[in-house]
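Undergrad: One line per chain: the protein sequences are A and B, in this order.
Position one of the first sequence corresponds to residue 1 (my numbering), numbered consecutively onward.
Position one of the second sequence corresponds to residue 1 (my numbering), numbered consecutively onward.
Everything labelled a hint here was simulated from the structure, so no lab data went into it.
Even glycine gets a Cβ: it sits at the ideal position worked out from N, Cα and C.
Errors might be hidden in some of the hints.
As the list claims (entries may be wrong) - A short list of chain B residues far from chain A (calculated; beta carbon distances all over 12 angstroms):
hint	residue
1	Gly22
2	Val115
3	Ile136
4	Pro169
What the hints assert, rightly or not - Output of the computed footprint for chain A on chain B, the stretches with three or more beta carbons under 8 angstroms from beta carbons of chain A:
hint	segment
5	174 to 182
6	189 to 200
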Amino acid sequence: MSDDVVLSLDDLVIGYDKPLVEPISLTVKEGEIIAILGPSGIGKTTLVRTIAGLVRPLAGNFNLNLEKRGGLGYIPQRLGLVRHATVAHNVSIGARAGIRFSKSMFSERKERTYDAIRALGIEDKTTEPVRRLSGGQQRRVATARTLAQRPKLMLADEFLGELDQNNVDIVLGVVNQLVEKGTAVIMVEHHEDNARSFATRIWEINDSSFSDLSLEEWEAQQKGGEEE
Amino acid sequence: MKYRLFGILAVLFFLAWQTLDGMVEGDWGRLEGGLANLSIFFKESMWPPNWSVLEARSYPVCEQDIEFFCSVGYLGMMETLKIAFVSTILGFIGAICLSSLAARNLMPLYISLPVRIFLSGVRSLPSLIWAILFVIVIGFGPLSGVLAMTFYTVGYLGKLQYEVFEGMPSEPLEAGRAMGLSKPSIVANIVIPENGNHLLSQLMFMFEYNVRHGTVIGIVGAGGIGYYISTYLKFLQYDKVFALLLLIFVVVVIIDLLSLMVRSFVNEEGDVRKPTWLNTLLKAKRSKASLVESE
Numbered sequence: 001m002s003d004d005v006v007l008s009l010d011d012l013v014i015g016y017d018k019p020l021v022e023p024i025s026l027t028v029k030e031g032e033i034i035a036i037l038g039p040s041g042i043g044k045t046t047l048v049r050t051i052a053g054l055v056r057p058l059a060g061n062f063n064l065n066l067e068k069r070g071g072l073g074y075i076p077q078r079l080g081l082v083r084h085a086t087v088a089h090n091v092s093i094g095a096r097a098g099i100r101f102s103k104s105m106f107s108e109r110k111e112r113t114y115d116a117i118r119a120l121g122i123e124d125k126t127t128e129p130v131r132r133l134s135g136g137q138q139r140r141v142a143t144a145r146t147l148a149q150r151p152k153l154m155l156a157d158e159f160l161g162e163l164d165q166n167n168v169d170i171v172l173g174v175v176n177q178l179v180e181k182g183t184a185v186i187m188v189e190h191h192e193d194n195a196r197s198f199a200t201r202i203w204e205i206n207d208s209s210f211s212d213l214s215l216e217e218w219e220a221q222q223k224g225g226e227e228e
Numbered sequence: 001m002k003y004r005l006f007g008i009l010a011v012l013f014f015l016a017w018q019t020l021d022g023m024v025e026g027d028w029g030r031l032e033g034g035l036a037n038l039s040i041f042f043k044e045s046m047w048p049p050n051w052s053v054l055e056a057r058s059y060p061v062c063e064q065d066i067e068f069f070c071s072v073g074y075l076g077m078m079e080t081l082k083i084a085f086v087s088t089i090l091g092f093i094g095a096i097c098l099s100s101l102a103a104r105n106l107m108p109l110y111i112s113l114p115v116r117i118f119l120s121g122v123r124s125l126p127s128l129i130w131a132i133l134f135v136i137v138i139g140f141g142p143l144s145g146v147l148a149m150t151f152y153t154v155g156y157l158g159k160l161q162y163e164v165f166e167g168m169p170s171e172p173l174e175a176g177r178a179m180g181l182s183k184p185s186i187v188a189n190i191v192i193p194e195n196g197n198h199l200l201s202q203l204m205f206m207f208e209y210n211v212r213h214g215t216v217i218g219i220v221g222a223g224g225i226g227y228y229i230s231t232y233l234k235f236l237q238y239d240k241v242f243a244l245l246l247l248i249f250v251v252v253v254i255i256d257l258l259s260l261m262v263r264s265f266v267n268e269e270g271d272v273r274k275p276t277w278l279n280t281l282l283k284a285k286r287s288k289a290s291l292v293e294s295e
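If we strip away everything but chain A, and leave its shape as in the complex, we get:
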């Protein structure tokens, strides 16, 4: 893990009309994998959407230390795929965002697109419209889009939910490839077991309180709670 900070939150207050969580201050470094845990409707998605620049914070600041174009990858809850377009087109959107304007951009875009499709094992679906794919396959397409983009920060909202173990393994394998190249990952997660298997850090939101814990601290806290 490098020491380069990709995201810093400075007394950030999230919410639409009223604050959902206490002010948050923290930093995220390259290569970190963070799981956001907490009950439904508590503000996990709002936090991710705020970092993605889709919701204005009520107060405070956040600073993204990455390129405006292609630096941030975002997979919304319903994946945000272009349903009527092919798998290749959807993946190429990620590649398009991640590649600078240059002479070789077309060949590079093509290469990244097909590399990502191969990495997710969906080569046989390349020319299929996304609407024809199963939920698990669609999640693989969304992952391939982010892989082709190669962002420095990846945000994913309840990304592993509804996936069978095989698909979870494939998708997490690819996420790990990104992390090895220095991408920081922030995932909203409902299943604590999933969080335990991939995260290095846990953000827990409960009754508008926010805690930022390392995986070990969080596990110790869980054990302590169970013993009590």
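Got chain A; can you put chain B on it based on the hints?
TA: Just chain B now, kept in the frame of chain A:
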């Protein structure tokens, strides 16, 4: 709920009836014998259709092997189709550019509002008025027709398109924005592919609409089959007018079937069964048969 709906419909019908009665000032006598008049007019002036409109014109001399290609019907219809084709394509491209500026989920209010007002302005003039304006500005002929229909297409399709864009799911747009894609890139790679079916459907509808309206604008001298209809009307040759109207009807039906065929290749129904000409024409029967097959 059902009775309330009937009640509302009954009240609306009564209001419409009262308004109509007010407009004709209670004088319904003029409808008396109307059907009989129509019947006499149809039998004596229009029937049978005069198919000489599909034969070669006497002047200029026909140099084609097949006479039909020198006929008023063919030449007029081809000009109308060409005007409709060019104006639909130009109008569609113009509308795509403007509608993506007018959609509230793609652009801020200070851009979308003026564009919407412009589109409303363009749309508020019917294609016939546009045609009259262009005939005044650049004279008689198909170019006036093309420009008139292009302007109308931009106004009409622009509105249909921005409404479709505004109705699309927000997640793909949000993903694109978060990735840092530029607005033109979002429109080209997310908005247009996601709404491709609707856009194609609107394109085909507009072509059919422009073919039908191409006949009207010809009457004011903007080219196409309408020019010949207008000429025959002036000389009271209603049987020839009727033959040309039947020709327009056949062409419009063919375009409609083509449009159905093209759209069924891209909609979700097409995923289940790739359409053939037979199941485009006999849709209901085929789908019943496929249900039996699947059972």
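Undergrad: Quick check: which numbered hints come out false for this structure?
TA: Violated hint (a single one): 4; every other hint is consistent with the structure.
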